[in-house]
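Asks: Below, each chain spelled out in residue letters.
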Amino acid sequence: MTSHWCDFQNTDVILHCGSNSVENHPVSSLWLGKAHDRGAKWIVVDPRYTRTAEQADIYCPIRSGTDIAFYGGMYHWIIENLIDPNLEKYLATGEMGDYNYEYLLNYTNASYLLDPEFDFDPETGLYSGWDEKTKTYSNHSWHYQTEKEENWDTSASGDYAWVKKDGVPEFTTPTLTLPKRDMTLQDPMCVYQQVKKHYERYTLDAVCDICGMDKETLELVYSTYGSTAKPGRAGMVLYALGQTQHSYGAQNTRAMCVMQLLLGNIGIPGGGVNALRGEPNVQGATDMGMMVNEHPAYLKWANTTDRSSLRKWLESQTYSAGYYTNKPKFIVSSLKEWFGDAATVENDYGYDWWPKVPSEKGDQDYTHISTFELMKQGVIKGYFNWGMNPCHSAPNAGNVRRSMANLDWLVVADQVETESAAFWKAPDMNPAEIQTTVYFLPCALIYEKPGTILNSGRWLQWRYQAVEPWDQAKPDLEMCDLLWTEICRLYKEEGGANPAPILNTKWDYYVNGKIDFRPVSWALNGYRTANSDFKAGKVDLLKGYSELGADGSTSCAMWIYSGFYNNNDAPLDPAQQPIGRRDNNDKSGLGLNSNWAFSWPSNRRILYNRNSCDTKGKPWNPDKKLMEWDGSKWDLVDQGDFVSAKNGQQVPPNNNTFFMLWEQNARLESYGMEDGPMPEHYEPFESPFDNALNGSQNNPMIKFTEYESTAHGGTDEYPIIATTYSVTEHWQTGGQSRSCPALVEAMPSQFCEMSEEFAAEKGIKPGDKVRVWNKRGSVVVDAYVTKRLKPFTIHGKTQHQVGLTHHFGWTHLYGTGDTVNDLTPNVGDPNTMVPEYKAFLVNIEKA
Amino acid sequence: MNLTRRGFMKATGAAFATSMAFQLTQQSPALAVESNSDWKLVNTEEYTNICCYCAGGCGSLLSVRDGELINLEGDPDHPINQGGLCPKGAAMFQLRNIVDPETREVIKNPDRVTKPMVRRPGASEWEDITWEDAVKEIARKVKDTRDATFEETDKNGLTVNRTPAIASLGGSQENSEEEYLILKMMRSLGVIAIDNQARV
Numbered sequence: 000m001t002s003h004w005c006d007f008q009n010t011d012v013i014l015h016c017g018s019n020s021v022e023n024h025p026v027s028s029l030w031l032g033k034a035h036d037r038g039a040k041w042i043v044v045d046p047r048y049t050r051t052a053e054q055a056d057i058y059c060p061i062r063s064g065t066d067i068a069f070y071g072g073m074y075h076w077i078i079e080n081l082i083d084p085n086l087e088k089y090l091a092t093g094e095m096g097d098y099n100y101e102y103l104l105n106y107t108n109a110s111y112l113l114d115p116e117f118d119f120d121p122e123t124g125l126y127s128g129w130d131e132k133t134k135t136y137s138n139h140s141w142h143y144q145t146e147k148e149e150n151w152d153t154s155a156s157g158d159y160a161w162v163k164k165d166g167v168p169e170f171t172t173p174t175l176t177l178p179k180r181d182m183t184l185q186d187p188m189c190v191y192q193q194v195k196k197h198y199e200r201y202t203l204d205a206v207c208d209i210c211g212m213d214k215e216t217l218e219l220v221y222s223t224y225g226s227t228a229k230p231g232r233a234g235m236v237l238y239a240l241g242q243t244q245h246s247y248g249a250q251n252t253r254a255m256c257v258m259q260l261l262l263g264n265i266g267i268p269g270g271g272v273n274a275l276r277g278e279p280n281v282q283g284a285t286d287m288g289m290m291v292n293e294h295p296a297y298l299k300w301a302n303t304t305d306r307s308s309l310r311k312w313l314e315s316q317t318y319s320a321g322y323y324t325n326k327p328k329f330i331v332s333s334l335k336e337w338f339g340d341a342a343t344v345e346n347d348y349g350y351d352w353w354p355k356v357p358s359e360k361g362d363q364d365y366t367h368i369s370t371f372e373l374m375k376q377g378v379i380k381g382y383f384n385w386g387m388n389p390c391h392s393a394p395n396a397g398n399v400r401r402s403m404a405n406l407d408w409l410v411v412a413d414q415v416e417t418e419s420a421a422f423w424k425a426p427d428m429n430p431a432e433i434q435t436t437v438y439f440l441p442c443a444l445i446y447e448k449p450g451t452i453l454n455s456g457r458w459l460q461w462r463y464q465a466v467e468p469w470d471q472a473k474p475d476l477e478m479c480d481l482l483w484t485e486i487c488r489l490y491k492e493e494g495g496a497n498p499a500p501i502l503n504t505k506w507d508y509y510v511n512g513k514i515d516f517r518p519v520s521w522a523l524n525g526y527r528t529a530n531s532d533f534k535a536g537k538v539d540l541l542k543g544y545s546e547l548g549a550d551g552s553t554s555c556a557m558w559i560y561s562g563f564y565n566n567n568d569a570p571l572d573p574a575q576q577p578i579g580r581r582d583n584n585d586k587s588g589l590g591l592n593s594n595w596a597f598s599w600p601s602n603r604r605i606l607y608n609r610n611s612c613d614t615k616g617k618p619w620n621p622d623k624k625l626m627e628w629d630g631s632k633w634d635l636v637d638q639g640d641f642v643s644a645k646n647g648q649q650v651p652p653n654n655n656t657f658f659m660l661w662e663q664n665a666r667l668e669s670y671g672m673e674d675g676p677m678p679e680h681y682e683p684f685e686s687p688f689d690n691a692l693n694g695s696q697n698n699p700m701i702k703f704t705e706y707e708s709t710a711h712g713g714t715d716e717y718p719i720i721a722t723t724y725s726v727t728e729h730w731q732t733g734g735q736s737r738s739c740p741a742l743v744e745a746m747p748s749q750f751c752e753m754s755e756e757f758a759a760e761k762g763i764k765p766g767d768k769v770r771v772w773n774k775r776g777s778v779v780v781d782a783y784v785t786k787r788l789k790p791f792t793i794h795g796k797t798q799h800q801v802g803l804t805h806h807f808g809w810t811h812l813y814g815t816g817d818t819v820n821d822l823t824p825n826v827g828d829p830n831t832m833v834p835e836y837k838a839f840l841v842n843i844e845k846a
Numbered sequence: 000m001n002l003t004r005r006g007f008m009k010a011t012g013a014a015f016a017t018s019m020a021f022q023l024t025q026q027s028p029a030l031a032v033e034s035n036s037d038w039k040l041v042n043t044e045e046y047t048n049i050c051c052y053c054a055g056g057c058g059s060l061l062s063v064r065d066g067e068l069i070n071l072e073g074d075p076d077h078p079i080n081q082g083g084l085c086p087k088g089a090a091m092f093q094l095r096n097i098v099d100p101e102t103r104e105v106i107k108n109p110d111r112v113t114k115p116m117v118r119r120p121g122a123s124e125w126e127d128i129t130w131e132d133a134v135k136e137i138a139r140k141v142k143d144t145r146d147a148t149f150e151e152t153d154k155n156g157l158t159v160n161r162t163p164a165i166a167s168l169g170g171s172q173e174n175s176e177e178e179y180l181i182l183k184m185m186r187s188l189g190v191i192a193i194d195n196q197a198r199v
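From first to last, the protein sequence lines stand for chains L and R.
Every letter in the first sequence is one number past the one before it in numbering that gives the first Met the number 0, and letter 202, counting from 1, is 201.
Every letter in the second sequence is one number past the one before it in numbering that gives the first Met the number 0, and letter 44, counting from 1, is 43.
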């Protein structure tokens, strides 16, 4: 989230799209209810009348997978009704009325001129730069026109003098290309005009036809949410996997950003783009960069092209302006923490010991979905599952089981026998034919170990160990240490394939000879290298990331966390660290709770918060002040997300309000996406309808359709749209919730929810067993006939949609059932490789 | 009640401070009557934790007596959940202990697996294994797989130090310190196929 849970109370209009938070993030209700009680309007856009819709003022049904049409229609509505009518008047008089022109002009790239070659062709559904042979884009024409260039001043008195310090790796510093702008927004190549042109096709009628919406309701949604464009008003969008799990899920997310930027809703109290994350510490795992191409703290992992050496990393990743000019400090400090004394400027701080991910066009992909193909091919032979259960949670789960049967060995660390641990004895598998050795390592429960966890609002909170683990269960931390110690012993004694990356890895997180969470916290926070010696129990913790250097003098695994554990007076006591703070006396009156725990970065509670003030530094809404420029200094209620002081001097207000981007303005159009600079509607991989807005049926860059296992069924045999969702009593694969008898009693089985109309058509009665199937799998579940789903009318045709819960599987004592993810398609988004769980086709019959 | 509770909560967490927290609970002026030794939470130590389900980050309060979990409830001082828990959060106690439907005794949750196991090739059942043997066997398999597939350089002669033959999945259920060590172990082995719940 750019915001946090307690900030929901500050909003004027709530928009749920792709989230049913009242059911799945129940604590959200407390804070949404406070806003609602105060008079905020609440909109829910969802295929189903959910528990969240029940609370809302406006419910607008939407066919699964058509969110971009909905958002595009909103941009069109905003431009036609709010921006264009009074733009000239604003330019002449500065009067804003119901639209925040100042935000649009000064804080976004609306006025930036795009390359003259920039184009989109509705006939083909493709942007300029498409290469049919590789099915990829060159983003060259998605960039800006250049006004002038500036180089870094690395002289002794310059801003970038640190580049020349001893110990800083050599690299060519970047050149800042200042974009050409038209502050009247009239130039046809300016981003605003291009956005306007692009979404002209997204009329109310077109959107209603594609999404299956009612025009009056849709207009009410647009005008209600559009009312937040007025300076001082706030609109908040809440989303979850309903937005991301599509073959254009990343563009769905972009679409919400663009909407929020057009309405001036980013960086203000009660605003933001708020992902309600789906795992207790998935925020932490994302921050940690536990993904093929990622590196901790939103840096990028080493690869074979633009990051094939430390120098190349520095030259491709360091921004020409804004805060990411500091990236060399982050990566060198990360290397120093990783390899310790073995990392020196002479050996590029050990950079080449890191594995490099293949990244040339056409190279094999190694993300989640592809790993199962690689198991089938015999490339991947060994597999670790750390509290994750792909035989249940991965799309096309039957394919996953069959692929895993080809593994030599599998290690599962979990608290229960998951479907993955027991894949070899699944009902459709024959153990005698499966040669995989499987190890099950029993793990400690959350209250049987200490450590740091992050919530969706980026709060780092400390968990205290209450009890010892049962029997032989151990925290994963200890498992890692046991394995690592033994692996190191083998390499020391026997040698083997290049032992250097292993034997040079710093692994000294012990207290009194026992592996311990706290020294790892030191590593995450960062410390001064020279004054620290973990083996001797000595550490000199950094106050925060502003103290990091690119010269090897500091070590830090996670620059964004720096400051969460920085009290050198009590390095072994989390209760005396910023993360351990428990002062719930909120002085801001806005629920910032700045003295409770710690929020990354730098205890900032609302990201991009400089945008809560106008260009003079005055809050858009004086009643909800995050900061204010008083004429000589900044009064900061939240930690400022901008340069408020430099060299001890206060910096007066400027327009660099998004300083994590080199432009320091936010992007309505972005060259950073793989599959297009502006969100464009495409149909899901499996859809009964042709794309009515452009000539490309699917996302032109949709991933993994070449894998035979994806098994598209065809719309004649499989005419029913299906989606999946959760119930409040269960959690994901049910590994935890199905082991609790009370929860299984409360929700004993999974179901296929369907409309009364569809049930009548098929002769299905409530409680009947139904078979739901497609070419990938077949499951039998209970029929749940409700008024919450209604048939859609799409392009004049009646279309049925059903929903399935997905928490059950064949293992466990208390609640078993078929694996619904046997049905979902293993295709994905080209930016994130996230699968398309939320819109696919099935057929249904009474079982 | 709030003030007293907050006062002693500040003291919990540090291992040495739990006895002080214990003393403070005994002195709580919020108890309008003398405590009764039958009361469920008498003579317990309290620890704070964070829920293991959605990413709300709700605080929980765990009461422990003689090393065993006695009660789990929402943390009333926590600014996000203010003492509330959802059905799943409220049932977190059962992850460890349940009530035996026959005897009505609190017993260890029988659905949980608390010892290492191994399933051998072709076998249809699990076998028990010691931690020591499991660790030795896994380390051997990791080394053999890595050694057989390790690529020090790629086709262009670039140093790549990787193995495509090992994959690692998961991390969002672990604490951040554990995430770092999982990542560090895997990357230093040369693993590129690393992913977690954020990918879905």
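Calculated directly from the structure, the hints in this document are not laboratory data.
Being a predicted model, the structure only gives us computed values, none of them experimental.
Where is the CB? At the ideal position from N, CA and C, for every residue including glycine.
Among these hints, one or two may not hold up.
Unchecked claim - Here are the in silico distance ranges between beta carbons for each label pair:
(1) L:Lys617 - R:Leu40: 49 to 55 Å
(2) R:Leu40 - L:Gly96: 55 to 61 Å
(3) L:Asp340 - R:Asp143: 26 to 32 Å
(4) R:Glu151 - L:Lys617: 17 to 23 Å
(5) L:Asp715 - R:Ala147: 57 to 63 Å
(6) L:Asp83 - R:Leu157: 37 to 43 Å
(7) R:Gly82 - L:Asp715: 53 to 59 Å
(8) R:Thr129 - L:Ala759: 37 to 43 Å
Asks: If you check the beta carbons of Leu40 (chain R) and Gly96 (chain L), does the distance land in 55 to 61 Å?
Replies: 59 Å, holds
Asks: Taking the Cβ atom of Thr129 (chain R) and the Cβ atom of Ala759 (chain L), is their distance within the range 37 to 43 Å?
Replies: This hint is violated: roughly 60 Å between Cβ atoms.
Asks: Taking 53 to 59 Å as the hint, is the beta-carbon distance of Gly82 (chain R) and Asp715 (chain L) inside that range?
Replies: 55 Å, holds
Asks: For the hint 57 to 63 Å, verify it against the beta carbon of Asp715 (chain L) and that of Ala147 (chain R).
Replies: 48 Å, violated
Asks: Using the beta carbons of Asp340 (chain L) and Asp143 (chain R), state whether their distance is inside 26 to 32 Å or not.
Replies: Since the Cβ atoms of Asp340 (chain L) and Asp143 (chain R) sit about 30 Å apart, the hinted range of 26 to 32 Å holds.
Asks: Tell me if the beta carbons of Asp83 (chain L) and Leu157 (chain R) are separated by a distance inside 37 to 43 Å.
Replies: 53 Å, violated
Asks: Look at the Cβ atoms of Lys617 (chain L) and Leu40 (chain R) and judge whether their distance stays inside 49 to 55 Å.
Replies: For Leu40 (chain R) against Lys617 (chain L), whose Cβ atoms are near 51 Å apart, the range 49 to 55 Å holds.
Asks: Has the hinted range 17 to 23 Å been met by the Cβ atoms of Glu151 (chain R) and Lys617 (chain L)?
Replies: Violated, at about 59 Å.
Hints 4, 5, 6 and 8 from the earlier list are contradicted by this structure; the remaining hints agree with it.
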